[in-house]
Amino acid sequence: MQRKPLTLVQTILMAMALMVVLFPIFWIVMTSIKPPTDWNASPAIWVPSKPTFVNFKTLFDPDAIREYGVGGVSQSATKAVLGSVLASVVSTCISVIIGLFSAIGISRYANGSKATPLIILSGRMFPPAAIAVPFVIMFSALNLIDSYSGLIAIYVAVTLPFSTWMLKSFVDDLPREVEEAAMLDGRSRIMAHLTVTIPLIKGGLFATSMFVFILNWSEFMFALVLSYSNISTIPVQLAKYVTATAGTLYGVQAALAVLAMLPLVIVGYFIQSHLARGMTFGAIKQ
Amino acid sequence: MNASNIAVLQREKARRRPGAGIGKAMTTPGQIVSLVVLVLPLLVALYMSFTDWTPTRGSLFQASFVGFDNYSDLLIYDTRFLQAVLRTLLISVICLALEFSFGLGLAVLFMREFRGKSLLFSAFLTPMMILPVVVGYIFWMLFQSNGPINQMLEFVFGAKAAVEWFRSAPFAVTAVIITEVWHWTPLFFLILLSGLNSIPENPVRAAVILGASPGQIFWRVVLPMLKPVIIVAFVIRSMEIIKLFDEVFMLTRGGPGSSTETISLYIYKLAFNDFQLAYGAAAAFLVLLGSLVLVHLMLAPVRDQLLDGGR
Amino acid sequence: MEEEQHGTIDQVLADYDAGKLTRRGFLRSMAVLGVASMVANAVSISPLGAVKAFAAIGGSEERAWALAKKAAAKATKKTLTLLIPTGSIGNMTPYADKWKNELGITLEFIEEPDEVVHTKGMQEAVAKTGRYDVMMPTAMSYPDWIDSGVIYDLTDWVDKYDPEIFNKEWGVVFPASHHAQLYNGRVAGLLNDGDQITLLCRSDHLANPEKAKAFEDKYGYKLDVPKTWKEYYNLAKFMHDPAHGFYGSLEYRSPYYVKWMFMQRLVSKGRLYFDNEMNPTFNSPEGVAALEDMLAMNEFLHPDAFSFTWSSNYNAFGRGEGFMDICWPSGFKYAKAPSTGPATTGKIAATVMPADTLPDGSLLYAGMFCWGYGYAVSRYSANPELAYAYAQWMTSPTISADAIPYLGGYSDPYRINHMLEPTKRLVDTYSKDYLHTLYDNMINTVPDFCLPGGFEYQDALDKQVHACMTGAKKPKQALDDAARSFDRITRRVGREKVKKSWLALTKNLADPIKKASGADKW
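Line by line, the protein sequences are chains V, C and B. Per my numbering, the first sequence starts with residue 22, numbered consecutively. Per my numbering, the second sequence starts with residue 812, numbered consecutively. Per my numbering, the third sequence starts with residue 2, numbered consecutively.
Derived by calculation from the structure, the hints in this document are not laboratory data. Don't take every hint at face value.
[Said to hold, decoys possible] Derived contacts from chain B toward chain C, CB cut-off under 10 angstroms, selection only:
(1) MET123
(2) ASP145
(3) PRO304
[To be verified] Short derived list, chain C residues pointing at chain V, Cβ under 8 angstroms:
(4) THR838
(5) LEU853
(6) PHE1056
From the three backbone atoms N, C-alpha and C, an ideal C-beta is built for every residue, glycine too.
Excised from the complex, chain V in its bound form (with noise of 0.2 angstroms):
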C-alpha cells in the first residue's frame, strides 16, 4: 500500500516527541563537559559556555576526586570501567557459547521439554534482591565473594535465558536442509553445526552477544551487593557518587555516566534491526 507522507500535524508531534526523547541525553552530555562553577548553578545552566573535559579527567584520579569538599568519594572510576568490560566481556563470551549450543541443540534436537520456557521465564520474575541472598551464601563458602568470578558466574546464569532463546529463534530461522546437506557431504553432525550452522548464523550470533553484552553492562543489584572492595563496576560506582553525602559532583558523575552509555549507544544502534527478537525472547521478530 503507498506510504503516506507525514501530515503537519504528524510532524510537529514527531519533532515534540524527538525533543522529549533527546533532551535528557543532551543534559546529560553538556552537565559532563560543564566546568565546576556550572555544577549546581541556579537557575540551571543548559549549556556551558566554557566546555571542558576536566570532569572525565578528574574521574580516573583519586587526587582531584578527594579535593571536591568534604565527605566526598574519594575513589577514582579506574577500578569500576576495568571491571566492567571484565565481567560485561567475559560473561558475554561464556553466555553466548553456551547459549549457542542449548540453543542449536533444542531447535535441532527438540532437546528441552515444554516446560523449560516457562521456568526459564519464571526466572526472571524473581526479585533479584533475594535471590542475592542464597548467592551471598553460596559464594562465600566457595569464597568467591568480591571477585570478579563470581560476579561472571551470576550475569552467564541471568543472562542465559536470553542468549539461549535469541540464538534458538536464528537457528530456527535456518532451515534444517542446510545441516542435513552438509551431513550427505560425508561431515559429522557436530561438524556440519560448527561448520555451517554457526557461519549462517554470524549476524545472529552478533547480534545476540552485543544484546548479552548490553543486559551485562547495565547490571546493577548483584554487582552492588557482591562487590566489597576488590571489584566494582561502573553502575556501583555511579551509585555511590550520587548516594556520598556530597552528592554534588555532578559534572564527575556526568561523566561516568556518559562513559557508561557511550558503549550500549553504539552497540544498540548496530543491533537495531534485531532488537525486537532479543528484547521479546524471540517471539517477536522485526
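Since the structure of chain V is provided, determine the placement of chains C and B on it from the hints.
Relative to chain V, chains C and B alone:
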C-alpha cells in the same frame, strides 16, 4: 492410523535418534549452569523462607524452622509490604498504559513515509539502550529543584509552577513514572512497529474497499491483528517493571517517606539493610507467585507463539 | 632494665613538676629515655602535672603501641585493612607513615558511604571473607554485629590493656562511655567520634544592636542563644529573612536525618523511645507535640532542608545562609575554619541543645548522641590483636587529642581531657568555650537506637516522621503507624532480647533524664 504409517513414523524416529545424543550433549552445559546458578539458589531461598534466619542467629543451618510464619506475617501484619505491592502494581499499570499509548502513536507515525526515517528510528530507540541506573541518575538531575524541568515549568506556567519533585509523594511518584515511561516507550514502539509492518495488506485493503473509515480500519481490523504482539509486549514489560529497582534507587531511594518504595526496594531493604534474610526470601516468593499467576493469565492467548519462537 | 627506666623517667617528671627543668630540657630528656615525642609533648603541657599525666595519659597510648609492635612483628599480612565511612579518612591518614615506618604495617582504607557501613558489616557476617581487620561503625551497629559474630567482644582486651575509657579525668565522657561503646554491658567498640548535636548561632546577628532592641521589644526578653525550644522557635521566626537568602534555621528534614530532629525534641520533653516493657512511648502527647513543633518550624527552614546531608548542611551554614544550625561538633569545626566557613568564621555562638519544660515546671536539658563512630575488631581478621592495638592507640587520650583537629575528617571530641583540658590545636579548632559546651551537652546525651534490630527501628520511625514532614500524614497517625511497625519489629527480633539491651542502655543516662522518663524505676 494404519500399520504402514506407524512403520513410517518409527523409521523416521530411528533416523532422528543418532542425533539425540548430540542434542543432549549440547543442551547439557546450559542446563547445568541453570541448575547450579539459578535453581540451587532458588531452592536455598525457598528453604530460607521457612526459617527465621538472620545473621544475628548464627548460620542458616542453625536457624529454626517456622513454617509459614513469615508468609502470614507479610500478608497479614506487614502493611508496608502490601503497600509496596499495590504501589508497584499501580505504577506498573500507569506506566504500561502510557508506554503503550505513546509507543503505538509513534509506531503509527512511522507507518508513514518521510525523510530521515532510519535515523529517526535509531534516535527513538536510544532511551531503552541506556543503563537503568544511568536513566535514574539523569532524571534525578533533571528533577532537581533548580533543574531544567522546573525551569521549563516556570517558563511556561510562571514562577510558582516549579515543583519540589522529591519532597512530596504524588510528585515523586510522577517523577518515577515519567522516568520509566521515557526509558521503555521505545520498546513498545519497536514491537508495535514490527507488528504493524507485518500485518498482511489484504484485510486492510478489503476494508478500504468496503468503505471503512481510517478509524474503523484501525480499531476493528489492525488492532485485533496486533493482539498477539501487544500481549507479548505487555508480558515482557510487566515482568521487568514489577522488579523496578535501579531507576527508583537512583531517583528517590523509595522516598519521600516510603511513597515510591517498590517491591524490589522493600525486599532489598529487608535483605540488605535489616538483614531479615528469611523474611525477605518469603516476600520474594510471594512476589514470584503473584507474577507467575499474572503472566500466565496474560500469556494464555499467545503461549504457543512464544514457545515455538514466533513462527 | 624496666625498673631503671621507670626510675629515671619518674625523676625527670618530678623535676619538671618541681620546676627544675625547662620544657625543652624535659622533652629532650624524655626523648633520650625513649618516650614517644607525642606523649612527652602532651605530658609537658598537661595541666594535670607531669607525673600524673604521664602515669595515665601516656599509658593508654604506650600500652597500645607496645601491643602493636608485638602484633606487627608476628603478622604475616603486613597490611591493616579498615572499613571506614567516607569523609572520615582525614583523621587517620596522618599516622599512616608512622605505622609504615615504625611497624612495617601499611594502613589500607576501604571507604564506603556512611549508610552502607552497617550493611557491609552484616554481609561480612554472612560472607566471612576476612577482608577487614578494623571496622568503623556507629554504636547502633554493635548489637547486631556482636550477635551475628562479625566483631569481637573487646572486654577482655580492654581489661588487659586498659584504654582508660572509664577514667574520671580523661576517660570517655559519661554516659557516652557506656551507650556508645557497650552492648549489654560488654565493650563492643572504642568510640572515636563524639557525635552529639549542638546548636550554633550567628553571634554577629546576636550582637546587632538594632536587632537586639527589636527582639526585646517584641518578645520581652534579651536577644541571646536560645535556652528552650520555644525560644528557639522565636529566634528562627525573628531572624528568618528569605529575601536575602538568610534562613531561620538549617535544621534537617532529609531522610535519615529528620528522625533525629524528632528524637531530640522528644527526649527534651522527658520521653524515651520505649518503656521498660518495650512498648513504644513516642506516640504519646509529647511525641505529637514534638512533631507539631517541627511542622511549625518548616516555614523558617532552608529550602534545601529536605535534601540536606551533613556536608551540604555544613556548607550552607558556612556560606552564611542560616542563623542557626543544629549540627555535630564537626559542623562547628567547619564553620570556624575560614576555608570551609567563609561567612561564619569568628561569628559563631554555640550552646547546648535547648531544654524543654516538664509537667512539673522544671527545665530538662537533654542531648542526642546520634551517629558517633567507633573502632571494632573483625572476628575474621587475620590480625585481631594488631587491629585492637590500632583501635586503642587511635582512641588513646593523647593520640585522639592529636587526631581530632585534622580538617579532612569529621572526628569530634569525646574524652574528658579533649573538652576540659584541651591541647592548643583542639582549642584552635573548636575554641575553649565550645569545648566546654560540648562537655555540658554530652553528659545529658541519650543514645540512638543502639539495640538489636536498631536499624529497622530507626528506619520505621524515620519514614513516618518524614511522611509527616512532607504533609502526607498527620502527626498522631504517623507516630501510631511507627509504633505498630515497632511492635512488629520487636516481636520478630525477640522481645526479651531487645528488652535486655534497652534496660542496659537506659541504666546509664543522666539522672534528670532518668527521673523524667521514669527510667530510674526500671
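Going through the hints against the structure:
Restraint check, MET123/B versus chain C: the minimum CB separation of about 5 angstroms is within 10 angstroms; hint holds. Interface restraint check for ASP145/B: the shortest CB-CB distance to chain C comes to about 5 angstroms, inside 10 angstroms, so the restraint holds. About 7 angstroms separates the beta-carbon of PRO304/B from the nearest beta-carbon of chain C, less than 10 angstroms, and the hint is met. At a threshold of 8 angstroms, the smallest CB-CB gap from THR838/C to chain V is about 4 angstroms, leaving the interface hint in force.
Because the beta carbon of LEU853/C sits about 7 angstroms from the nearest beta carbon in chain V, less than 8 angstroms, this interface hint is met. With 8 angstroms as the threshold, the beta carbon of PHE1056/C comes within range of chain V, its nearest partner Cβ sitting at about 6 angstroms, so the hint holds.
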